[in-house]
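Enquirer: Please model the entire structure based on the sequences and the hints provided.
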Amino acid sequence: MAPRLRRFALSAHLTFSVGWIGAVLAYLALGVGAVTSQDVQTVRAAWIAMELIGWFVVVPLALASLLSGLVMALGTKWGLFRHYWVLFSFALTVLATVVLLLHMPTVSLIAEEAQKAEGASLDGLGGDLLHPGIGLLVLLVIQVLNLYKPPGMTRYGWRKHQERRALSQS
Amino acid sequence: MADPLPGNSGDGPRLGPGRASPPRTPRWVKVLGIIGAVVVAAFVILLIAGGEHGPSRHLPGGGNPGGHTSPVLHSPQNLI
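Protein chains in written order, with the working numbering: chain A, 1 to 170; chain B, 171 to 250.
Note that these hints are calculated values from the structure, not bench results.
For each residue, glycine too, the CB sits at the ideal point set by N, CA and C.
Check each hint, because a few of them may be wrong.
[Said to hold, decoys possible] Once the Cα atoms are required to be at most 35 angstroms apart in a straight line, the calculated DSBU-like pairs of lysine-lysine come out as:
| id | chain 1 | residue 1 | chain 2 | residue 2 |
| --- | --- | --- | --- | --- |
| 1 | A | Lys-160 | B | Lys-200 |
| 2 | A | Lys-77 | B | Lys-200 |
| 3 | A | Lys-77 | A | Lys-160 |
[Unchecked claim] In silico contact screen, one side only, chain B against chain A (beta carbon under 8 angstroms); selected entries:
| id | residue |
| --- | --- |
| 4 | Pro-192 |
| 5 | Pro-193 |
| 6 | Pro-196 |
| 7 | Trp-198 |
| 8 | Val-199 |
| 9 | Leu-202 |
Expert: In structure tokens, the structure reads:
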């Protein structure tokens with residue numbers, strides 16, 4: 001990848017990834033509001049906002065982050081399967097995205113229920129803290145891996161490196 | 171996958187000196203792998219033992235598609 005294009009792709013990837021973390025934090029704040037508030041309007045509004053943020057902010061940012069991460073890995077010397085930190089980041093990003101996509105229809109279902117429910121049944125809807133909480137933890141682990149890039153080459157990466165060395169020596 | 175610019179920041183791929191045997195798996199990989207396996211195992215056990223784990227358990231139908239209770243519960247006999 002040309003240096004300019006690489007810089008642009010990196011900027012985009014960082015924006016999507018950090019934006020994803022920020023969106024999950026906003027979602028969590030709404031989830032806490034839905035659990036703790038006694039006000040019917042607040043609980044209802046929180047669930048409606050959680051559905052909107054989920055589908056229109058969190059999901060697009062997750063997919064964009066996954067895609068831009070793939071482009072960065074495959075378009076640079078790091079590769080996707082050569083270094084453990086890249087491999088772990090990719091696996092955790094795929095896991096977080098899959099869980100998010102499987103979870104969002106339930107959020108839509110509850111948001112729909114919240115618009116109809118009244119009083120005690122609205123209180124009974126509870127909140128959504130487990131998924132975004134664990135998701136945030138996973139995203140922070142990915143962030144730390146990306147920043148520190150702990151050393152460690154996979155067997156595949158080592159083999160590719162040996163092949164390149166042999167080619168350059170011959 | 172931030173800053174994949176090996177060489178620019180001095181923290182590019184650390185390839186180490188040319189060696190004949192593959193490098194050993196780093197300790198952090200083993201630790202993270204064990205933590206991941208424990209979390210997955212705990213999740214599977216929770217799913218098997220408790221069924222619903224998400225917010226859908228609060229729905230009238232307990233997370234069934236449609237989120238409604240069984241029609242049997244609404245039948246006139248049950249309302250008596």
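Enquirer: Next step is simple, just say for each hint if it's right about the structure.
Expert: To see whether the hints hold, each was checked on the structure:
For the hint pairing A:Lys-160 with B:Lys-200, the CA-to-CA distance comes to about 22 angstroms; that is within 35 angstroms, so the pair holds. Of the pairs offered as hints, the one joining A:Lys-77 and B:Lys-200 holds, with about 24 angstroms between alpha carbons and a cut-off of 35 angstroms not exceeded. Proposed proximity of A:Lys-77 and A:Lys-160 is supported: the alpha carbons are some 11 angstroms apart, at most 35 angstroms. Checking B:Pro-192 against chain A: minimum C-beta separation of about 5 angstroms stays under 8 angstroms; hint holds.
Given the 8 angstroms rule on beta carbons, the hint for B:Pro-193 holds: about 5 angstroms separates it from the nearest Cβ of chain A. Because the beta carbon of B:Pro-196 sits about 4 angstroms from the nearest beta carbon in chain A, less than 8 angstroms, this interface hint is met. Interface restraint check: B:Trp-198 against chain A, minimum CB-CB distance 5 angstroms, threshold 8 angstroms, status holds. With 8 angstroms as the threshold, the beta carbon of B:Val-199 comes within range of chain A, its nearest partner Cβ sitting at about 5 angstroms, so the hint holds.
With 8 angstroms as the threshold, the beta carbon of B:Leu-202 comes within range of chain A, its nearest partner Cβ sitting at about 6 angstroms, so the hint holds.
Going down the numbered hints, you'll see the structure goes against none, and every one checks out.
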